[in-house]
Amino acid sequence: MWRFLARTIVQRLLLLVVISIVSHTVIHLAPGEPSEVDAMNPMMKAEDVARIRKSFHLDEPIYLQYVHWVKDLATGELKSFRDGLPVVPKIWQRFLNSLPLFLCTTVIVWTASFPIGIHAALKRGSRYDRSTTFVAYTLISIPGFFLSYVLILWVVRIFQLPVIGLATFGTERANGAVRVMDRVWHLAIPSIMSALTGIAVLSRYVRAQMLEVLGQDYVRTARAKGLDEDHVVYGHALRNALLPFVTMFGLLLPGLISGSVIFEQVFAWPGLGLLGYEAILARDFPVILTLNFVAAALTLFGILLSDILYALVDPRIRLQ
Amino acid sequence: MSVPVGPAPAIEALAAPHADAEALGIAETPAQQLWRTFRKDRLAMLGLYALCTLLAVALIGHLLTSWWVLFDPTTVRLPDKLLPPFSTASSALSAELMPPFHAYPFGTDELGRNVFARMLQGAFVSLSVGIVAVSISLGIGITVGGLAGFYGERKLGPLSIDSLLMRFTDVVLCFPTFFLILTVVALLPPSIYNIMIVIGITSWMSTARFVRAEFLALREQDFVTAAKALGLSEGRIIFRHMMPNAMAPVLVSATINVAHAILTESALSFLGFGVRPPYATWGNILADGRSYIFDAPWLFLIPGAAILLVVLAFNLVGEGLRDALNPKLRKRVG
Chain A
1 MWRFLARTIV QRLLLLVVIS IVSHTVIHLA PGEPSEVDAM NPMMKAEDVA RIRKSFHLDE
61 PIYLQYVHWV KDLATGELKS FRDGLPVVPK IWQRFLNSLP LFLCTTVIVW TASFPIGIHA
121 ALKRGSRYDR STTFVAYTLI SIPGFFLSYV LILWVVRIFQ LPVIGLATFG TERANGAVRV
181 MDRVWHLAIP SIMSALTGIA VLSRYVRAQM LEVLGQDYVR TARAKGLDED HVVYGHALRN
241 ALLPFVTMFG LLLPGLISGS VIFEQVFAWP GLGLLGYEAI LARDFPVILT LNFVAAALTL
301 FGILLSDILY ALVDPRIRLQ
Chain B
1 MSVPVGPAPA IEALAAPHAD AEALGIAETP AQQLWRTFRK DRLAMLGLYA LCTLLAVALI
61 GHLLTSWWVL FDPTTVRLPD KLLPPFSTAS SALSAELMPP FHAYPFGTDE LGRNVFARML
121 QGAFVSLSVG IVAVSISLGI GITVGGLAGF YGERKLGPLS IDSLLMRFTD VVLCFPTFFL
181 ILTVVALLPP SIYNIMIVIG ITSWMSTARF VRAEFLALRE QDFVTAAKAL GLSEGRIIFR
241 HMMPNAMAPV LVSATINVAH AILTESALSF LGFGVRPPYA TWGNILADGR SYIFDAPWLF
301 LIPGAAILLV VLAFNLVGEG LRDALNPKLR KRVG
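As given, the protein sequences belong to chains A and B, one line each in that order.
So in this note's numbering, spot 70 of the first sequence is number 70, and the numbers just go up one at a time.
So in this note's numbering, spot 291 of the second sequence is number 291, and the numbers just go up one at a time.
FYI, nobody ran anything at the bench for these hints, they're computed from the structure.
Computed from a prediction, not measured in an experiment: that's the story for all the values here.
Treat the hints with caution; some may be incorrect.
Computed list of lysine to aspartate or glutamate pairs in DMTMM-like fashion (alpha-carbon distance at most 20 Å, straight line) [what the hints assert, rightly or not]:
1) A:Lys123 <-> B:Asp295
2) A:Lys123 <-> A:Glu212
3) A:Lys123 <-> A:Glu229
4) A:Lys54 <-> A:Glu77
5) A:Lys90 <-> A:Glu77
6) A:Lys123 <-> A:Asp228
7) A:Lys90 <-> A:Asp59
8) B:Lys40 <-> A:Asp129
9) A:Lys123 <-> B:Asp41
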């Protein structure tokens with residue numbers, strides 16, 4: 001077990017280095033540089049461009065730029081091209097903004113999907129099953145921002161709820177209860193909307209997994225020995241059906257960054273996804289690279305986590 | 001002179017083994033069996049009908065918009081801007097600017113362009129973005145997966161080809177896909193081909209894994225050993241004998257990936273990195289329409305509904321195929 005862990009961690013770290021080199025190369029080789037963002041500005045003279053390029057190390061060969069990036073990241077000196085602010089605290093602050101949205105969405109998705117999916121599996125072929133199947137496919141097929149826009153209009157018109165940003169302007173001096181409720185509404189609407197697709201996908205998985213398990217011999221045995229249906233479904237079937245979902249839990253982590261670009265853009269939520277989007281627009285290489293790096297690290301960590309969890313819950317799995 | 005009556009015995013000869021085989025239950029080719037199971041799935045059939053209609057619409061639309069001048073989706077008619085659906089063209093337009101039948105079935109946009117014509121053109125572009133992107137990803141995925149599965153045991157230096165290719169797949173899987181697409185598309189010069197290519201090269205990983213898994217299983221099967229014993233070339237074994245047997249999961253994931261690619265394109269358009277004018281895609285009509293969501297909701301709702309329909313159709317067909325190809329389910333269904 002411990003040897004397995006040590007070996008995988010070393011492998012993953014190596015992989016991370018490879019990924020950072022590849023993404024660095026891809027981003028630097030693609031056309032377009034920070035010095036060219038404002039190409040139409042007549043005040044930008046050739047020597048200004050040269051000075052900008054020099055101060056960002058853009059005039060050096062790629063491998064040296066990579067060394068600079070790693071060195072700056074390690075010492076915490078890495079600065080954004082756009083505003084000169086240190087990158088790591090910037091990302092950390094945006095991470096703290098993204099976290100509540102991510103947690104809320106995840107909780108909604110995981111609490112709603114299981115009852116929906118299990119019920120559909122138990123009532124296979126019924127009207128409920130067919131209608132949830134259809135609704136789930138529809139939700140999967142709608143572009144996220146389209147649904148959000150339509151629902152925002154509806155929510156704002158009917159319930160008069162605030163939706164855009166972290167909090168309403170001008171409520172800083174209101175009393176505590178108003179502020180808290182304001183934050184809660186601002187959090188609730190985006191999380192419900194980004195959860196909708198998640199619920200559709202996950203409840204389909206739950207249904208498929210339950211159907212698979214309900215067809216197994218041990219479920220028939222449990223029924224044959226006269227156990228009541230609840231015990232069969234929740235004690236025998238569900239416990240085994242849950243196993244693959246443990247793996248999915250670890251794979252959620254990278255969604256923190258890449259899954260949220262659209263929704264953060266729709267709701268003007270200043271999180272990691274929006275930070276990445278702004279950085280891409282401004283060709284802010286240090287921020288793009290560091291975000292990519294963090295996302296890859298989260299993915300690798302998520303895979304490791306799910307491997308370990310799987311070994312913990314399923315005694316048939318041996319890590320070696 | 002009597003000529004023996006030809007057809008009758010021939011039909012009999014053809015029909016007889018057929019009936020025999022039916023009695024044995026082996027009358028159907030795998031494709032027929034697939035179709036029989038698929039046909040029972042009503043949602044999937046609905047999706048298939050929708051897809052066929054859309055394909056026809058896209059093809060006819062492409063012909064109409066490129067050959068019929070009046071249908072030109074780029075014609076700007078400023079007197080007629082932001083007209084609601086089913087409105088008639090104003091009389092201020094000159095004869096050569098008149099839309100076909102003097103009507104705008106889907107209304108007009110902020111420049112007075114005919115939304116119906118734009119949607120027709122967009123149907124072709126959107127579908128081709130999806131299909132070309134998926135073809136690229138299939139090409140890469142099948143090559144990587146096939147090489148890893150078939151030649152996996154050969155060594156290339158210290159590592160086997162299999163572990164080399166699969167570690168590479170893992171590396172690519174670790175990139176945050178949408179973020180990577182966004183980065184590359186934002187940095188590359190804007191062109192519809194770049195978007196197809198970028199979506200294609202960021203979505204081949206699951207195909208590669210499926211193909212590799214199938215190949216690993218097939219490699220040990222008797223018919224492959226037999227083919228090798230017959231002295232067939234490796235290319236023939238791979239493409240003629242193994243590939244058709246490995247296609248089932250690939251087909252399913254390809255169908256669903258087309259849906260994904262169309263959604264990705266619309267998301268990119270929303271963020272402002274989509275297909276640029278003069279090409280109209282459903283994604284960028286939708287993304288442009290959101291600025292007029294209060295004044296001209298049809299500019300937003302029509303492309304949104306269209307995307308929903310086509311993606312839904314692809315998803316339903318994909319899931320129907322998955323069910324029909326799953327032997328366990330097939331037994332249960334009939």
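Quick rundown of the hints versus the structure:
1. The hinted pair formed by Lys123 (chain A) and Asp295 (chain B) fails the criterion: a straight-line CA distance of about 45 Å is larger than 20 Å.
2. Taking the CA atoms of Lys123 (chain A) and Glu212 (chain A), the gap is about 14 Å. The hint holds against a cut of 20 Å.
3. Distance hint between Lys123 (chain A) and Glu229 (chain A) is fulfilled; the C-alpha atoms sit about 13 Å from each other, no more than 20 Å.
4. This hinted pair checks out: Lys54 (chain A) and Glu77 (chain A) have alpha carbons roughly 17 Å apart, not beyond 20 Å.
5. Straight-line distance between C-alpha atoms of Lys90 (chain A) and Glu77 (chain A) comes to about 12 Å, which keeps the hinted pair within the 20 Å bound.
6. Note on Lys123 (chain A) and Asp228 (chain A): the hinted pairing holds, with a Cα-Cα distance of about 17 Å set against a maximum of 20 Å.
7. Restraint check for Lys90 (chain A) and Asp59 (chain A): the C-alpha separation of about 26 Å exceeds 20 Å, so the hint is violated.
8. The suggested pairing of Lys40 (chain B) with Asp129 (chain A) holds, with an alpha-carbon distance near 17 Å, which does not exceed 20 Å.
9. In summary, the hint linking Lys123 (chain A) to Asp41 (chain B) is supported, as the alpha carbons are separated by about 17 Å, within the 20 Å threshold.
Of the numbered hints stated above, those contradicted by the structure are hints 1, 7, listed in ascending order.
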